[in-house]
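Just need the whole structure built from these sequences, with the hints factored in.
Protein sequence lines, in the order shown, are assigned to chains D and A.
Take the position in the first sequence, starting the count at 1, then add 305; the result is the number in our numbering.
Take the position in the second sequence, starting the count at 1, then add 305; the result is the number in our numbering.
Just so you know, these hints were derived from the structure itself, not from any lab.
Computed from a prediction, not measured in an experiment: that's the story for all the values here.
Possibly wrong hints are sitting among the right ones.
A few chain D residues facing chain A, derived, Cβ under 10 Å [stated by the list, open to error]:
no. : residue
1   : Glu503
2   : Gly505
3   : Val666
Cut-off 30 Å, straight-line C-alpha distance, at most; resulting in silico cross-link-like pairs (DSSO-like, lysine-lysine) [unchecked claim]:
no. : chain 1 : residue 1 : chain 2 : residue 2
4   : D       : Lys642    : A       : Lys483
5   : A       : Lys681    : A       : Lys319
6   : A       : Lys681    : A       : Lys856
7   : D       : Lys483    : A       : Lys702
8   : D       : Lys364    : D       : Lys328
9   : D       : Lys702    : D       : Lys856
10  : A       : Lys702    : A       : Lys487
11  : D       : Lys642    : D       : Lys319
12  : A       : Lys681    : A       : Lys702
13  : A       : Lys418    : A       : Lys385
14  : A       : Lys364    : A       : Lys387
15  : D       : Lys642    : A       : Lys642
16  : A       : Lys642    : D       : Lys483
17  : D       : Lys927    : A       : Lys487
18  : D       : Lys893    : D       : Lys927
19  : A       : Lys893    : A       : Lys927
20  : D       : Lys328    : D       : Lys387
21  : D       : Lys927    : A       : Lys418
22  : D       : Lys418    : D       : Lys487
23  : D       : Lys487    : A       : Lys385
24  : D       : Lys487    : D       : Lys642
Positions of the beta carbon are idealized from the N, C-alpha and C atoms, including for glycine.
There are 2 protein chains.
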Amino acid sequence: MSNNPLVIFTPSGKRGRFPVGTKVLDAARQLGVDLDSVCGGRGICSKCQITPMFGDFPKHGVNVRPDALSEWNAVEERYKSKRHLIDGRRLGCQATVQGDVIIDVPPESQVHKQVVRKRAEAREITLDVATRLYLVDVEQPDMHDPSGDLERLVAALREQWDLPELEADFSVLADLQKTLRKGNWQVTCAVHQGHNEERGHILQVWPGFFEGPLYGLAVDLGSTTIAAHLCDLDSGEVLASSGIMNPQIRFGEDLMSRVSYVMMNPGGHTEMSRVVREAMDALIGEVVAEAGIPRDLVMETVLVSNPVMHHLFLGLDPVELGQAPFALATANSLTLKAAEVGLTLHPQARLYYLPCIAGHVGADAAAVALSEAPYKSEDLVLIVDVGTNAEILLGNKERVLACSSPTGPAFEGAQISSGQRAAPGAIETVRIDPVTKEPRFRVIGCDLWSDEDGFAEATAQTGITGICGSGIIEVIAEMRMAGIVDAGGLIGSAAQVGTDRCIEDGRTHSYVLYDGREGDGPLITVTNGDIRAIQLAKAALYAGARLLMDKMGVDTVDRVTLAGAFGAHISPLHAMVLGMIPDVALDKVASAGNAAGTGARIALLNMGARAEIEQVVRDIEKIETAVEPRFQEHFVNASNIPNAVEPFPLLAEIAPLPDVSFNQKSEGSGGRRRRRR
Amino acid sequence: MSNNPLVIFTPSGKRGRFPVGTKVLDAARQLGVDLDSVCGGRGICSKCQITPMFGDFPKHGVNVRPDALSEWNAVEERYKSKRHLIDGRRLGCQATVQGDVIIDVPPESQVHKQVVRKRAEAREITLDVATRLYLVDVEQPDMHDPSGDLERLVAALREQWDLPELEADFSVLADLQKTLRKGNWQVTCAVHQGHNEERGHILQVWPGFFEGPLYGLAVDLGSTTIAAHLCDLDSGEVLASSGIMNPQIRFGEDLMSRVSYVMMNPGGHTEMSRVVREAMDALIGEVVAEAGIPRDLVMETVLVSNPVMHHLFLGLDPVELGQAPFALATANSLTLKAAEVGLTLHPQARLYYLPCIAGHVGADAAAVALSEAPYKSEDLVLIVDVGTNAEILLGNKERVLACSSPTGPAFEGAQISSGQRAAPGAIETVRIDPVTKEPRFRVIGCDLWSDEDGFAEATAQTGITGICGSGIIEVIAEMRMAGIVDAGGLIGSAAQVGTDRCIEDGRTHSYVLYDGREGDGPLITVTNGDIRAIQLAKAALYAGARLLMDKMGVDTVDRVTLAGAFGAHISPLHAMVLGMIPDVALDKVASAGNAAGTGARIALLNMGARAEIEQVVRDIEKIETAVEPRFQEHFVNASNIPNAVEPFPLLAEIAPLPDVSFNQKSEGSGGRRRRRR
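Given below as structure tokens:
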């Protein structure tokens, strides 16, 4: 045995000695090397491509001779000439070991390959999907030992792939006999093995070799927008993404008004359920069309959403979520057939809904947790997903806390006099000169600043229509930095500030950000009411974060992650000037983009991640802000805008805020700040 | 501890000592005594009724004082005055142990009570149903420790009933929150725990206490008739039974013509599936109406049928069953939702389809095996279920063989000149005077013999319309015993036999059984063609039995059981005169009635029986007659009618058959008989 050739696989480093003539694929299997194969070594699927490395490898103590593998054969020649097999590659199921050899398994040939992600700091996604393809040869029926075709198929999957006793969905039976005979007793099966199911299921059977790939969908079901990402389950790549408005908006702009709708119209959730399912199905139609694939090859979908959307999508009455104690019908993850909830994918496609954390903290927050993995973090991270409700996670690998804070829709541009949704024409970035108090800005859909040449022409089509959520954060923060607003949130008069952009507005003042009235455009101002709305929203957010910090027994966090589409557009500096997030070094504030969508994609591509997040959700300590007296206290104390002293010492270094004060009332803010400690 | 009172339960004999004040129900649970309770000891369900026995019981070494149990209490008084609680009974959850006591658990209070059966020799059915009711108190939601209502319900079932982690069907979620609150956090759950499922399912939740009972259906899906039996799952009793014609008859009278229909009309099975499902659903409507219960309390149904009906009901193409190697799409048992196959029961009702034994030996044969349990028999039993195909089982507790034999429809009255289905007006019993050769008979729907007074009047309404399956057996056997037919199957001429009831009929003769032509009635004769058809059918049946006996290595069997509706009407003597079944003492031939339906009912009422029959079906040795040369041999040799000598020595003692012979050809029969050895 010790004279047998040595086979070393890279990158795993696994090694062993095998008799001359052993297939590379068999050697890999015996060593547990992650080498893909759908056809099981029949020279059909070309998934088991490997790269032999020749020459002297002192590090491995091996000299690989050119004849260390068997000669190039006809099967490989066929793949070479046809497709797939690039220079230097061999098929692991054809090449046999003839001498000591080093074999590299390229990423494409690994079942559990890593999916490339753009964010450098993001967690890795290792492909390990629930639904996979298997080619099998099924024994033919024998009159003398009768058994069902299905039972022989299941036996073949067990014997040739070591799969446990599988069940077949009822509808699979309908075509099974024809398919087996059409494939001359060789068929490819799509098998779903859920992480929490005792027995896997055969979802479909194709005659002969079916190459795939199969597809999956990750869907982030928001109150306003539904976003779907179509993934190739073989490569993990996103093939198409698209979004659609949530049609439930006509029943209520925000979640609470939708819950109220059901309270007023008992049974109204059924209609809301219908329209959102239809919209999602239409969205699925868009993404599959964009990717040019048939719907019925989408075998899996993963859903995340807040708890109210969770109930409304599943057809559950959400009224309990609208009142204490905010009881969910079910908090656990769900696995069901997508067809049960009206989605037209493969008829047997499974739907996995991530677990909800609590009545206010949904599967979307669980997805954020999965994406950002605070429970794996060495340092203490605060993760904020800003929306109508802000979901807040605080923790590290020792302990994770979660709560939801009722920020209201101000951050989304609602309740703001010139507010609007993020859309072309909306002001999203603002700078105010601290000396002249003159603003300049950019609008969505145009890369130019408003004081640059060509800006008017570039924005002529969309116009300048209002201020979006991130714009309102910036303009108020800039106003504070330019001394137009004091720490109490009051806008000074033209005389106090020294600019006629501060105009009288009833008993307070407003700041003119843009006056388009000459050209039939709007007058876009920031009113003191707008500032008040943002102060309330940011106070709720900050109070939620502080509450979790109290529970954790800390005064500072190591880093802050802003999640959500809104979080992706917020400038960390401005957020901190406003006091939305606790004081932290600016380079410790990162945007995670659409972390909920990413979490859904992770759960789609990696089964282990489903078990992981279910355990994490069980372990997370849930804090209910509504019944915490300290939340109210923090909320009251946090309504001021910081003046860059305590508790924001780090902010003071980078943005020393002017110590202006525009009336009696605002002078008390110092006192309030002290109470805040 | 040893001074604690002794509690002895009968009939189990289980005993133990318990502290004074222990509830009888708790003592029973700790000892594993089979004492029912739906409410878990809350004094609500009155299922745990027991009878304390007082006085001196030397056999048990106990003297039970009148105060051995606690005093009669208010809860018991309520049940006494209201209902249920008969004299001498106590509630096990109310009465507590005060001294040594003997407690009888009456049958109604046993969960695993035995179901009364009419046949003395029949196997016992112990009630152990898959779907049961449980009352639980569910913890209320807690904001500080959020969890779903469903998860708390599942926890309550685990903690209060020791049920494993259950799943809830998706639709249960829809009403769960309202139901929990309506019941003030006390609810009754219907829980299904399949014998082959890892996790049970909550099928429905009722607010507060729901008494039940729940219901189940056992359905025998025949090619000609569908029969349904509605059972009370609490008592095991059959509440209503009904039958309906299988509407697939319009696609083909027998199974093979239905398979041919699909061969000619690809996809035609879909339509056949639809009509049979609709008919079954209509039949279910009839039986629930007869029993006066709502459809949605039927929580389970068990189906049995032959393999072709199995496929046609499930929507599977049956063409593979029409040609060698007769491959089933699936042979294993199936558990699915009844709604999936269009049955309107409880929306979550489960359907259990017994396993098929082989391509020709279906779930109905498996049900016969379950009912007659040859695999538990000490002696060797031959079980014959006669229909278009005869299913034959031979075995004992060591070994069981099965085959199917293509008898064709002659036994059902088809292919017989005056044949008809068993219906009022059909001749079913015949006697022929061996001297005068004159017949007398009875028809279905009339208890009088044709030679009794009042017969003409009694049959005036129905008329005398033809001969049914059992009638044709009898008349031919009687003709043989009266010397009208010889061992070769030829009818003698009037001169040869000595009666002018033998009339010329082409080149052969016919026997006039009834001539109603004077009163515009039919002329009912038995032709030589009829005898030939029955000879072929009985030869197939006999050859199948002989083949199994060969495989078993025996020449005789200890007893014969005739199953099926037809088997219930066959006279064993006449069957043996015809040579349908092997020679055996007449008192060793029994009819099992509708054994397939009984087997379905056993599987409905006892979960263990499902596991049992699945194992039995795996173990049964399946013999395919179509490819056994010895079957052909036996078939050829068995076409004669016995002449009461070998191989029918036992028959010779009770029915010495006349040694007549009506032509040259028939004289050879002796030679053939010899070859049969």
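Going down the list of hints, with the structure as the test:
1. Interface restraint check for D/Glu503: the shortest CB-CB distance to chain A comes to about 4 Å, inside 10 Å, so the restraint holds.
2. Taking 10 Å as the C-beta contact cut-off toward chain A, the hint placing D/Gly505 at the interface is violated, the least distance being around 12 Å.
3. For the restraint placing D/Val666 at the interface with chain A, the shortest Cβ-Cβ distance is roughly 8 Å, inside the 10 Å limit, so the hint holds.
4. The straight-line distance between the Cα atoms of D/Lys642 and A/Lys483 is roughly 25 Å, inside the 30 Å bound, and the hint therefore holds.
5. For the proposed pair A/Lys681 and A/Lys319, the alpha carbon gap of about 28 Å is at most 30 Å, so the pair holds.
6. With a CA separation close to 19 Å, the supplied pair A/Lys681 and A/Lys856 stays within the 30 Å bound.
7. With a C-alpha separation of about 39 Å, the suggested pair D/Lys483 and A/Lys702 falls outside the 30 Å cut-off, and the hint is violated.
8. Between D/Lys364 and D/Lys328 the alpha-carbon distance is near 25 Å, which keeps this suggested pair within the 30 Å criterion.
9. Note on D/Lys702 and D/Lys856: the hinted pairing holds, with a Cα-Cα distance of about 16 Å set against a maximum of 30 Å.
10. For a cut-off of 30 Å, the pair hint linking A/Lys702 to A/Lys487 is broken: about 54 Å separates their Cα positions.
11. Restraint check: the Cα-Cα separation between D/Lys642 and D/Lys319 comes to about 40 Å, which exceeds 30 Å; the hinted pair is violated.
12. Restraint check for A/Lys681 and A/Lys702: satisfied, since their Cα atoms lie roughly 5 Å apart, inside the 30 Å limit.
13. Restraint check for A/Lys418 and A/Lys385: satisfied, since their Cα atoms lie roughly 23 Å apart, inside the 30 Å limit.
14. A hinted pair counts as satisfied when its Cα atoms are at most 30 Å apart, and A/Lys364 with A/Lys387 does not qualify at roughly 37 Å.
15. This hinted pair checks out: D/Lys642 and A/Lys642 have alpha carbons roughly 14 Å apart, not beyond 30 Å.
16. About 25 Å separates the Cα atoms of A/Lys642 and D/Lys483, which keeps this hinted pair within 30 Å; it holds.
17. Of the supplied pair hints, the one linking D/Lys927 and A/Lys487 holds, its CA atoms being roughly 27 Å apart against a limit of 30 Å.
18. The straight-line distance between the Cα atoms of D/Lys893 and D/Lys927 is roughly 25 Å, inside the 30 Å bound, and the hint therefore holds.
19. Among the hinted pairs, A/Lys893 with A/Lys927 is consistent with the structure: their alpha-carbon atoms are about 25 Å apart, no more than 30 Å.
20. Straight-line distance between C-alpha atoms of D/Lys328 and D/Lys387 comes to about 23 Å, which keeps the hinted pair within the 30 Å bound.
21. A hinted pair counts as satisfied when its Cα atoms are at most 30 Å apart, and D/Lys927 with A/Lys418 does not qualify at roughly 48 Å.
22. For the suggested pair D/Lys418 and D/Lys487, the alpha carbons sit about 33 Å apart, so the restraint of at most 30 Å is broken.
23. This hinted pair does not check out: D/Lys487 and A/Lys385 have alpha carbons roughly 69 Å apart, beyond 30 Å.
24. Our distance criterion of 30 Å between C-alpha atoms is met by D/Lys487 and D/Lys642, whose separation comes to about 28 Å.
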